[in-house]
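Q: These are the residues of each chain, in order.
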Amino acid sequence: MSNKVEKDEITGTDTTGHEWDGIKELDNPMPRWWLWTMYASIVWAIGYWIVMPAWPLVTSYTSGFIGYSSRGSLEQELAKATEAHAQDRAALVALELSEVKNNDQLYQFALRGGKSAFAVNCSQCHGSGAQGAPGFPNLNDDDWLWGGNMDAIYETIKYGIRSDHEDTRIGEMPAFLTDEMLTKDQINDVSEYVLSLSEDRKDMAAVDRGQEVYAENCAACHGDNAKGGREFGAPDLTDAIWFYGKDKDIILKTISRGRGNVMPAWVDRLDETTIRQLALYVHSLGGGE
Amino acid sequence: MVDSSVENIDVRPVNKKENRALFEKREKIQPKKARGNFRRLKWIIMGITLGIYYITPWIRWDRGESGPDQAVLVDFARERFYFFFIELWPQEIYYITGLLILAAISLFLVTSLFGRAWCGYSCPQTVWTDLFIFVERMVEGDRNARLRLDKAPMSISKLSKRVLKHSIWLVIGVLTGGAWVFYFADAPTLLRELFTFEAPVIAYSSVAALTATTYVFGGLMREQVCTYMCPWPRIQGAMVDEDTLTVTYHGARGEPRGPHKKGEPWTDRGHCIDCNQCVAVCPMGIDIRDGLQLECITCALCIDACDDVMDKIDLPRGLISYDTHVGQFDSNPERKLNIRFIRPRTIAYGLILALVGAVMLFTLLNRSILDVNVIRDRNPLFVTLSDGSIRNGYTVKILNKIHETRRFLIEVEGLKGVQAWLESGPPLGLPMLVTVPADSLSSYKLYVSVPAENLDGKSSDIDIVVTDFESSERDLQASSFKGPDK
Ligand code: SF4
Ligand code: SF4
Chain A
1 MSNKVEKDEI TGTDTTGHEW DGIKELDNPM PRWWLWTMYA SIVWAIGYWI VMPAWPLVTS
61 YTSGFIGYSS RGSLEQELAK ATEAHAQDRA ALVALELSEV KNNDQLYQFA LRGGKSAFAV
121 NCSQCHGSGA QGAPGFPNLN DDDWLWGGNM DAIYETIKYG IRSDHEDTRI GEMPAFLTDE
181 MLTKDQINDV SEYVLSLSED RKDMAAVDRG QEVYAENCAA CHGDNAKGGR EFGAPDLTDA
241 IWFYGKDKDI ILKTISRGRG NVMPAWVDRL DETTIRQLAL YVHSLGGGE
Chain B
1 MVDSSVENID VRPVNKKENR ALFEKREKIQ PKKARGNFRR LKWIIMGITL GIYYITPWIR
61 WDRGESGPDQ AVLVDFARER FYFFFIELWP QEIYYITGLL ILAAISLFLV TSLFGRAWCG
121 YSCPQTVWTD LFIFVERMVE GDRNARLRLD KAPMSISKLS KRVLKHSIWL VIGVLTGGAW
181 VFYFADAPTL LRELFTFEAP VIAYSSVAAL TATTYVFGGL MREQVCTYMC PWPRIQGAMV
241 DEDTLTVTYH GARGEPRGPH KKGEPWTDRG HCIDCNQCVA VCPMGIDIRD GLQLECITCA
301 LCIDACDDVM DKIDLPRGLI SYDTHVGQFD SNPERKLNIR FIRPRTIAYG LILALVGAVM
361 LFTLLNRSIL DVNVIRDRNP LFVTLSDGSI RNGYTVKILN KIHETRRFLI EVEGLKGVQA
421 WLESGPPLGL PMLVTVPADS LSSYKLYVSV PAENLDGKSS DIDIVVTDFE SSERDLQASS
481 FKGPDK
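Here the protein sequences line up with chains A and B, keeping their order.
Here UniProt numbering is used: the first residue of the first sequence is 1, the next is one more, and so on.
Here UniProt numbering is used: the first residue of the second sequence is 1, the next is one more, and so on.
Note that these hints are calculated values from the structure, not bench results.
Warning: the hint list may mix true and false statements.
Claimed, not checked - So the derived list for chain A, only partly shown, Cβ under 7 Å to chain B, looks like this:
1. Ser-128
2. Gln-131
3. Asn-140
4. Asp-141
5. Asp-142
6. Asp-143
7. Asp-239
8. Ala-240
9. Ser-284
10. Gly-286
Note that the Cβ used here is the ideal one computed from N, Cα and C, for glycine as well.
Working from the sequences, and respecting the hints, build out all of it.
A: Here it is in structure tokens:
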């Protein structure tokens with residue numbers, strides 16, 4: 001690269017003196033429209049620094065003339081949205097849950113609100129499609145531990161299950177082996193019996209012994225017919241849905257060690273409207289009673 | 001004596017290649033008024049195009065209770081495009097694509113036949129520039145008067161002429177932008193709102209933006225838009241061939257050019273008397289005698305100017321005329337124009353045009369007034385119910401495209417033992433009859449359950465059928481039903 005400015009023969013223009021592999025750069029002026037656009041951009045940028053948040057300082061930043069922040073504008077918009085829905089929100093709280101469905105516009109409002117609240121608060125355990133996981137109930141199906149009508153769902157969400165709220169509902173699966181209530185053999189027998197309720201088992205002797213163990217230890221909560229009991233949240237043991245999985249090892253573990261999952265109480269964290277929206281949304285997933 | 005009937009004009013074609021230096025400040029072109037057939041044709045086309053543009057939004061069209069009564073309306077709020085009897089939903093945007101294809105191919109066809117007919121006569125840039133030049137001429141006079149005015153020192157009269165000219169331009173700009181927004185809202189309502197300051201901000205800003213562009217493009221930039229900004233002059237070269245009609249100077253007849261005195265013989269010289277009339281009228285600032293150039297929009301004003309000259313000096317018209325490429329080498333003044341309309345290129349364009357047009361027409365005539373969409377739930381894929389049967393969820397969307405409320409029956413077919421119910425509808429076991437309001441979309445949550453033993457794998461075929469309860473119009477949507485591994 002040389003630095004000799006020379007006149008280009010063909011165009012009569014000076015070169016910049018830069019040369020790469022014999023190619024010389026002509027020192028042509030910038031197009032005028034281009035220059036003016038650049039000057040205008042500079043003026044715009046200076047205006048922008050003054051009006052909008054722009055420069056980082058040591059612990060803060062210049063906040064700009066109009067005090068804009070994206071967080072602030074989001075808050076404003078959220079407030080505006082809440083404000084705009086004030087009527088629907090009030091109506092939702094005033095009505096019986098079962099009546100909401102009669103007003104389609106309000107019902108759709110509730111479902112949409114419930115869907116987004118579910119994604120934020122519930123999907124971590126129940127899954128984004130409310131499909132559940134072992135130990136976390138699937139909310140799409142027609143099997144409900146604590147009741148599947150709107151009011152029961154509402155109560156579950158509001159006060160939780162085995163939560164720290166005083167109005168929570170409690171029911172516990174005892175740890176029959178750990179607490180020495182049953183022997184290992186008895187537990188094996190009773191799990192054979194439980195499995196026999198929904199499929200054929202080979203060891204009918206164990207099933208028969210297990211039935212006796214069941215009647216003495218389990219029927220109080222799960223019912224004589226093993227159809228479960230909602231006052232204790234005891235699952236139906238005869239149907240196709242298994243809370244922790246349909247596997248003998250899992251059943252053995254459940255009986256031996258007990259179970260006691262917690263559903264938190266949402267009454268202190270979500271407002272009444274949102275809890276109601278959630279209840280209606282969960283009810284709409286297909287299994288609502 | 002130089003032929004006195006023809007004024008010899010001292011004019012520099014500013015956009016002639018040799019005259020155009022890079023980075024030079026633009027020299028304003030002051031086109032002289034042309035008189036003749038093409039000028040008349042251009043006035044007529046200007047009247048028609050401006051008329052269409054300004055009047056269209058005011059045409060009314062009856063669509064009954066639930067539709068707007070504006071014939072042409074792009075309704076963003078309701079997500080509809082109305083065009084007389086046609087009414088399009090957003091998902092039918094492909095009709096617009098089809099229209100754009102038709103427009104593009106038509107443009108190709110016309111260009112391959114007649115050169116830049118679009119540029120010369122009907123392009124908005126040309127039409128509005130023509131209008132702005134007309135205003136300029138009305139206020140400041142024709143070319144010579146304008147040149148004088150430009151050189152004159154500032155005076156009350158010069159200032160008032162300038163102010164008047166720019167004011168009229170701005171008014172045209174406002175009217176142009178003002179007409180534009182009427183395509184997007186009910187015109188009479190919007191007009192009232194615009195004047196009472198109740199119109200939406202976007203309406204005012206659109207008017208302002210289009211006022212600015214009209215004023216700047218038509219009044220200030222003019223030929224620079226065509227020469228520097230518009231891609232079309234570059235593209236059109238691909239459609240033009242030696243059989244295309246373009247504005248042609250018959251060099252073989254015109255050269256050698258030179259001044260001519262009345263009574264002198266025409267032997268040993270060409271017919272061009274070098275009067276420069278053709279250059280003076282050119283709005284693009286070029287000399288057509290240099291041949292076909294990128295800048296030439298084929299406005300044909302130089303044809304009018306030269307024909308006028310030929311009449312005065314008693315030579316046949318057509319020294320400059322619409323002709324094909326070969327024409328410039330023909331020195332016969334009585335040359336007969338021989339256009340080959342049928343060429344492989346025009347046949348190809350014609351066929352594409354016919355094909356796209358036929359497809360469009362067919363789909364438009366057979367456009368259904370019912371549209372059904374079925375979206376299967378993916379999360380969860382399926383749900384096991386307590387009796388062991390498998391349930392899938394579907395969202396069924398029904399579009400009722402007419403302006404009447406309709407009732408539809410939803411049925412599920414294809415698997416044994418199917419049970420189906422709507423989340424919001426009547427309980428299981430009753431027919432699923434739904435009511436969709438006029439001109440709208442309704443969405444339903446459909447649950448379908450099938451005994452596990454009736455499924456033979458992870459995925460089975462299932463049909464969701466929507467039937468118009470009154471007319472029995474049916475729409476069958478094939479979907480699938482997911483279950484666990486067997
Ligand atoms: S082409 Fe016609 S208008 Fe142009 S200079 Fe020659 S005679 Fe005059
Ligand atoms: S050369 Fe003739 S046809 Fe071309 S732009 Fe100029 S006046 Fe119009």
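Q: Report holds or violated for the interface hint on Ser-284(A), using the least CB-CB distance to chain B and a cut-off of 7 Å.
A: Constraint on Ser-284(A) satisfied, holds at 5 Å.
Q: Can the hint on Ala-240(A) be confirmed by a CB-to-CB distance to chain B that is less than 7 Å?
A: Hint on Ala-240(A): holds, closest Cβ of chain B at ~4 Å, below 7 Å.
Q: Was the hint right that Asp-141(A) lines chain B, CB cutoff 7 Å?
A: Since the shortest Cβ distance to chain B is 5 Å, the answer is holds.
Q: Is the shortest C-beta separation between Asp-239(A) and chain B less than 7 Å?
A: With a closest approach of 4 Å, the Asp-239(A) hint holds.
Q: A closest beta-carbon separation below 7 Å is what the hint needs, so does Asp-143(A) meet it against chain B?
A: holds, 5 Å
Q: Next item in the hint list is Asn-140(A). Is there a CB on chain B closer than 7 Å to its CB?
A: holds, 4 Å
Q: Restraint: Gln-131(A) near chain B, CB-CB cut 7 Å. Satisfied or not?
A: Because about 4 Å separates Gln-131(A) from the closest Cβ in chain B, which is inside the 7 Å limit, the hint holds.
Q: Would the hint on Ser-128(A) be counted as holding, given a Cβ-Cβ threshold of 7 Å to chain B?
A: holds, 6 Å
Q: Using Cβ atoms only, decide whether Gly-286(A) comes closer than 7 Å to chain B, and label the hint accordingly.
A: holds, 5 Å
Q: Would the hint on Asp-142(A) stand, with a C-beta cut-off of 7 Å toward chain B?
A: Since the shortest Cβ distance to chain B is 5 Å, the answer is holds.
Taken one by one, the earlier hints all hold for this structure without exception.
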